[in-house]
Amino acid sequence: MRNEISEEYRISPYFIIFPLYVSMVGVGVLTFQRTLIEHAGYNAWISVILTGISIHLILWMIYKITSFNRVGQEIITLNHTLFGSVFGHLLNAAVVLYFVYGAFVKFKVYIELIEVWFFTGMNILPLSIVMVLLIYYAVSGGFRSVTGLCVWATFLSFASIIPQVGLALPYMHPLNLLPLLNHSATDIFLSSKSMVFEFLGFETLLFFYPFIKTPAKSQKWAHMIVMFVTLLYLILLLMALMFFSEGELRHSIWPTIDMISIFEVPLLQRLEYFFISLWFIKTIAGICIYLWVACRGIKTAFRMRQRHSLIGILIAMVTLNYFIADHRSVERVSELYSTVGFYFIYAYIPFMFVCVLISRRRARHFGNRGSA
Amino acid sequence: MNVRKTFLLILLSTLISACGNQSIVNDIKLVQTVGYDAVGDGMRNASIIANYEETGKSKLEFYVTESNTVYDSLPRLQTKLDFPIEHGQMRMALFGETYARRGIGIAISTLIRHPVISYRMHMGVADRDALDILNVTESKRDPYFLFDMIENNIRRGNLPVMNLHVAFFNFFGEGRDVFLPYFTMERGEIKIDGLALFKGDKFKTAISIRDAFLLKMLLNNSKNGSIMVPIKGSNQERADFFLMNSLGSKSTFKVIRTGPPASVSIRLKLKAQVRDTPTWIDLTSEQQLASLEKTMEAYFEEEIQRFVSLCKINNVDPVGFGDLVRSKSYKWDARDFENHYGALKATVSVKVTIVQTSAGQ
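As given, the protein sequences belong to chains A and B, one line each in that order.
Residue numbers are given in the UniProt record's numbering: position 229 of the first sequence equals residue 229, and the series is strictly consecutive.
Residue numbers are given in the UniProt record's numbering: position 184 of the second sequence equals residue 184, and the series is strictly consecutive.
Be aware that a few hints might be false.
[What the hints assert, rightly or not] Distance ranges between label pairs, derived from CB positions:
no.: 1; chain 1: B; residue 1: Pro261; chain 2: A; residue 2: Leu175; range: 16 to 22 Å
no.: 2; chain 1: A; residue 1: Pro126; chain 2: B; residue 2: Asp82; range: 27 to 33 Å
no.: 3; chain 1: B; residue 1: Pro261; chain 2: A; residue 2: Leu167; range: 35 to 41 Å
[Unchecked claim] Examples of chain A residues toward chain B, derived with CB under 10 Å:
no.: 4; residue: Trp117
no.: 5; residue: Tyr137
no.: 6; residue: Ile162
no.: 7; residue: Val165
These aren't lab readings, by the way, just hints derived from the structure by calculation.
Just so it is clear, CB atoms sit at the ideal spot from N, CA and C, and this is done for glycine as well.
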């Protein structure tokens, strides 16, 4: 079941920062501040740091899992070897479904954003078809073309975040952050849990690991980008906390966009529209990674051609998108996704890690006995 | 293969551009300034829409609708218009006095829910019906007259920094209260007469433009604000005044005791320019300048104390003392603080430096 990936389809180790960044930072970056303060209030920045640390731990586990044997391993093959054919297939189907679902959530949330901010009355079907065609174009180009799109998406999203930091400084109220600790540990952990949603996406590494040229060398880059993303979230959160008073932040659905909307530059009166448009590329790139991962999974697990599965998934996405229309169902859909993702990260990955450890020990044990 | 892909890309990009829905400025009605007035049980909504017929020229159109609530005003306005309404260019909302006393909460919450409305928008309170003030702007032929007036007075006058975001910040934040510019009429012209202080969403009291300068000093850098300071010579009956221009100031707040009742200390550093003084003051003499600084320090300390007690009497908190105490106390309750607000103790110390004096002697 193992197929060596030829050199020309692989990417250099440092390039993984782009797909990782793009798959982690999604539309959530525009809205996460409000859900985060629901429990921990203005102490929520502690939760971001806590979640960031735990993500580093999980990332380390992923590298342990995937470097199980000397050639880079992906999760699909591993499921198969560890749990046999029946359970392996079931698990693989669940994992693939999880990524398809993740792609759909990204897709849906962005379309909702467009509906609220840009075109309230627009028929979303043509727009979603255009998006889907673009996604098809990028994903069918293979992993390298998806990575290429991610590079652009990363630079564009930096372009929209960095000026914001500078422009918002005069409106900051540092006093908002005080007192430093007036929430219980439980509250802070509950907020950490909702923060996990914003980091979801780095688990795509489980699939594209074999597509990295010298996989072991990429670990430091992966940790670096997780650290960077944590820092980015921390900065955006601290900015929102200092920019809004607590009651105001609870009223704002898209705090990051609201923050941008206070700036005015020559020629462009409303920067937020410009930024939402920039995020189009960013969203497309994120969905592309997820779908590439899902199709790759389907290919290795069920021997189905990537093109066929991709078309099937895209049609399903457009159809579902048409039927899930109101804000409440969108919220339910993304809530379910964050719950599933939470267990994927904190239950499934550690579980795999333990399984891999056991089977490696057993292999060593048998190996020792064999040599003795 | 490559040609096909390029072709596909071009095709797709044309599709994207076709997604937008066009709005040409002549085919929409841009609501630029609105006024809210209380009429009987309901309210009256006045919208100013500029009609751009030729480049550079605009004619203001006035539409007044009456309805029960703010929510209803938009569909009612639509029944009077030939083109769709757009709110993306709304820059000013003016509340009539009775409306503001009844509460602007509903109006504020509709504004925050409307994504196209800019956070830079201004709100204001009129000392009469908003419609009366708006009628004057018609002769100015500028739909943004009030907006520009406020912006100008923030930058070059005594108004503290404010916009829709600042109002939201104060309105939804605990331990601080809203303040908005207060308009009046003088000889047929509109005039900013100070600030309207709110308690919750209700207009409580208005303060003069001199007190607005004190608030500006307490909240932000008071650059370009100016105030007349009284001064009394050793053998004078009546006090003379001299004009002080602020070149910059910085206030530092410290919580001494979280209470209740709380106690805070306010320290203020002010760089001033003094140009126009009574003739008996010699601005070239070091000694005279030092005594002038002393006079100003004493005057501001006294004025700020007076301003704080004015806030306490009216039970409004535009400075954000509640928020200040909250930031220093582990458990803080807005109602509890409010109950002891009257007993809040503030110590003020001001340090004035005269940086510039007049060019001529």
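Hint-by-hint comparison with the structure:
| no. | hint | result |
| --- | --- | --- |
| 1 | B:Pro261 / A:Leu175: 16 to 22 Å | holds, 20 Å |
| 2 | A:Pro126 / B:Asp82: 27 to 33 Å | holds, 28 Å |
| 3 | B:Pro261 / A:Leu167: 35 to 41 Å | holds, 39 Å |
| 4 | Trp117 | holds, 5 Å |
| 5 | Tyr137 | holds, 6 Å |
| 6 | Ile162 | violated, 20 Å |
| 7 | Val165 | violated, 17 Å |
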